[in-house]
Structure formats: C-alpha cells, structure tokens
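Put chain B on the given structure of chain A with help from the hints.
Those protein sequence lines, which keep their order, are chains A and B.
According to my numbering, the stretch in the first sequence is residues 36 to 294, in order.
According to my numbering, the stretch in the second sequence is residues 36 to 294, in order.
One thing to keep in mind: the hints can contain errors.
You can't tell identical chains apart in this list, so a pair holds if it fits in one copy or across any two.
[As the list claims (entries may be wrong)] No more than 20 angstroms apart at the CA atoms, straight line, and that leaves these computed lysine to any residue pairs for SDA-like: (1) K48 to Q235; (2) K236 to I219; (3) K272 to A186; (4) K172 to D254; (5) K274 to S183; (6) K274 to S184; (7) K172 to A260; (8) K236 to Y50; (9) K118 to Q100; (10) K236 to A186; (11) K48 to L243; (12) K236 to G247; (13) K48 to P94; (14) K274 to S182; (15) K236 to R96.
By construction, these hints were calculated from the structure, which means they are not laboratory data.
Protein chains: 2
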Amino acid sequence: MNALIVLAHPEVKSYNAALARATQDGLQRQGHEVHLSDLYAQAFAPDEHGRHFPRRANPLRFDAQSEQRFSAGRNALPHEVRKELDALLWADLLVLQFPLWWFGMPAILKGWMDRVFVYGKLYSSRRRFHSGVCAGKRAMLSVTAGSSSDACAPDGKEGDTRLILWPIHYALHYVGFTVLEPLIVTDVRGGRSGSDAERQKLLLELRLREQGTIFESIDGRPAIAFNDPDDWDELGKLKPDAPVHSPFIGHERWSRTGA
Amino acid sequence: MNALIVLAHPEVKSYNAALARATQDGLQRQGHEVHLSDLYAQAFAPDEHGRHFPRRANPLRFDAQSEQRFSAGRNALPHEVRKELDALLWADLLVLQFPLWWFGMPAILKGWMDRVFVYGKLYSSRRRFHSGVCAGKRAMLSVTAGSSSDACAPDGKEGDTRLILWPIHYALHYVGFTVLEPLIVTDVRGGRSGSDAERQKLLLELRLREQGTIFESIDGRPAIAFNDPDDWDELGKLKPDAPVHSPFIGHERWSRTGA
Chain A
36 MNALIVLAHP EVKSYNAALA RATQDGLQRQ GHEVHLSDLY AQAFAPDEHG
86 RHFPRRANPL RFDAQSEQRF SAGRNALPHE VRKELDALLW ADLLVLQFPL
136 WWFGMPAILK GWMDRVFVYG KLYSSRRRFH SGVCAGKRAM LSVTAGSSSD
186 ACAPDGKEGD TRLILWPIHY ALHYVGFTVL EPLIVTDVRG GRSGSDAERQ
236 KLLLELRLRE QGTIFESIDG RPAIAFNDPD DWDELGKLKP DAPVHSPFIG
286 HERWSRTGA
Chain B
36 MNALIVLAHP EVKSYNAALA RATQDGLQRQ GHEVHLSDLY AQAFAPDEHG
86 RHFPRRANPL RFDAQSEQRF SAGRNALPHE VRKELDALLW ADLLVLQFPL
136 WWFGMPAILK GWMDRVFVYG KLYSSRRRFH SGVCAGKRAM LSVTAGSSSD
186 ACAPDGKEGD TRLILWPIHY ALHYVGFTVL EPLIVTDVRG GRSGSDAERQ
236 KLLLELRLRE QGTIFESIDG RPAIAFNDPD DWDELGKLKP DAPVHSPFIG
286 HERWSRTGA
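In isolation and in its complexed conformation, chain A is listed as follows:
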C-alpha cells in the first residue's frame, strides 16, 4: 500500500509533527510505502489566486474552477499543485495530521484542499462521491485539540469534535474517498497545575507511542457512513424513506437514524 501523510503544523518539534512521524513509522513497519508532505516545510502557498496560473482561460477575470480545469487539461498546473496531486493519486491511504484551529483546519491545509482538489482532475460534475476519482482510496484525519475530552465530547461546550470534522470528512467523501473514523487527541496543551501537568505529559507520551500501533492495524478501522447515491432524488434532495448519515442533512430526522 502507498500512503500519503499531509502535515500542517508550523513547528517541526510539535506534537503534531511527532504524531506524523509515528504514523509514518507504523505504516513502514507494515511494509507500506510512505510519503510525508510537510506543508509548512515546503512553504505551500494557501491562497488560490490568478498568479498561480500564467496560462489563463480568461486573463481578464479569474475563476478558480475554470482555470483549474483549463490548466489541468493542458498539463500546466502549478508545479507545487502537480506534485501534491501526483502524491494524492499515487496514495491508497491519505492521512491529514493537524491541530484544530478555530473549529477547522489551519489555513495552510485548507489552502492545500482549495488548490490541490483540482476541478477537471480530482472531481467534476460527473465524477463525485461514489463515482469520484478517489473511489477505492481511504482517507483519515488525525487531529489534536487543546480543549479537554469532556468539552470535546458529544455533550461538550466545544461541540462534538467528531461532528465538527464533518465538513472536512464530507469534502473527502465528495472526491470519492472512503473516510475512516478520525483520531482525536484532546488536552494537548497539558494540565494547568504541577501534578496535573505531569500526569497529562505522561498521557500524551503514551498516546504518541500508540500512534504507530494504530496505523499498523489500519485495515480493521471502521469507515464513516455516508448516504448512498440512491438515497437522493434527481434534484439532490434526500428521499423521505432514506436513512440520515449527517448532522447537516435532514436534521429533523438526524437523531432518529443518525450514527
């Protein structure tokens, strides 16, 4: 198996960077080929912008989707986008490693998605969801949060972190990935007082040692359920008798059928 790990943290000595290396080690121990793409190390530009496209379909008015398709069709995508896209197409497993900042990805990783999920190459109106370019590949988020496990739980003040990740999971599902249940490490900023801080430090070290082991047995990891193509009518509305696999879809029905 080929695996691509995309790391989005500005500090090489960070806990996130250590988790990414532990993931790499665990996968390599199983004989997999691993590529680690460190977005900060390569100074990946997060802003989708006309300057990235010297050959333009329309030089007078920049439209991201149109220019992505135009350049993709002429093998003229920006070098750093081509590189990331090739790694993505090569990989059977994608792991995104990042800290939760403001209930989402750090901007550099959002920009990786904005730029590398190329219209006309990774998706089109005909190649989406179950018929997406990445169908058959698996993707997984490995996330850290500064808040406590209580506050990140389904009844927690920070919101259920697993559900907060849903828009990202849905974007991965959109391009065809099978999305595995995420890894979420809470309390990464440690405890506040002496013995509490010491205990939390030990827990984080222990968790880091487990990371490789988790990826050694990745094949048994459950996937997140999404609605089937047949659950939608021709307008893209959920059929009345379909189950609901999202807090964002048919929320009157979510608590009855949602996982």
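Leaving out everything else, chain B in the frame of chain A:
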C-alpha cells in the same frame, strides 16, 4: 455604527466583490462608517508562522498561542495583524463575505481568523463566549454557493448550508459576537442551458440589488441562538435539562430542541 466588511475572493470583478460593495453602499446610506478589508488585495498571508514574530517568547519552539500572547502584551504584533485587529475592535458590525469552498472559508479567510483572533487580546480562558472581548458586537456571514438551492437545503445533498457554517458561527460566538442569521446566495455559477442561464443571471442581478437594502435594515435581523453560560456544568458538559442550540452538541437531543 462602525462596520467592517472582510472580503475573501481572488477576483475584483467577482460576484462576491460586488456583494461586498453593495453591502458597503447599503450601510453608508444609513449613515454608518464602513471599512472594507479586501484580503486578496492586501496579499494577506494566511499561514500563522514563526516568521511573523521577530520577538519570540520561545525562539526554539514556535507555539502560536504563546507567541500571540507574548507579542500582544508587548505591542509587537505583526503590522498586518495589528491593522486587522484594530479594525475589528473599532467595528460594531463585522461582515464576512466569501464563496463557500469545500464546505468552508477560502484559506485566506481561515488564515485571517487563525492570525487576527489573537490569544491574549481577542480571547483568553477567562474572556470567551458571553464574556468575550467582542460581546455587544454583531457578526454576520454573507456567503455564495455554486450548488443549487435544493442541494443546499436542510434535506440537500450538499448538506444544509446554514448548518455547514456552524463551526464559523461558533468561532465568532467564542470571541463574544452576537451572530446574525447568514445570507446565502446559491446557484452563483448560473444555469447550464440557454434560457436557464439567462434566467439565473437575472436572478443574481436582482439579488445583488437587494443586498444593500438588506443591510439598510440590519437591526431587525434575527440572531442565532447559542447555549447560555448556565447551560454548562463546571467540566463544560451540557446539563441534562438544558436546551440544545447546535447540531454538534448533544445530537441525540438536537432534533427535539434545536432550532
């Protein structure tokens, strides 16, 4: 009233840019002071990074929150962050104008949040939510989506766009804002065939003319409900008898009490 509009679109001739100008016009007609911050025009760097902090609390290991607090306390924040932060503190109303890219903000706007929502200045562990620095101020999203109104509806394939915006709304609530119901314009990429495309173009022009009028009567716009401070116990868990104002919190209870 003072209003700050933050625009995140790479094309000055875009529909998003036109909506931002219409918002500005509508507010000015009511006699309000308006500042428009065009993130692409000022080449705002979206990636929170050690290079933005020449004076460091810890030169050996970059931690965004620690360095934000350190620089904020020494009046040494990066110039472009200081500028945006001053505008934010000056404003009584914040409007974020952006296209929905991959179920979230374009990276440049996420980076504005990552960098300008400064720890130790705009929030701290004591100043959050109802006691946040922005308490008493209002914020509002004005968003465009390429998908159809059917697909963006509560039972739509793209997910209920209003709920997809919830992580962004919650981040604004976190720093204290009263969050108004968002404006969502769907189908902005227009119809596909001749008469359909023509009709959609006219609808978008009509909607653009309404934008200013909407902001002329902004005072009557309803706010999004969030849970009260008293709804949480000391661990940050929702009390059993509290209502639920989020698809991410207590989702077993969401459909029964959620708005």
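Those earlier numbered hints the structure runs against, lowest number first: none
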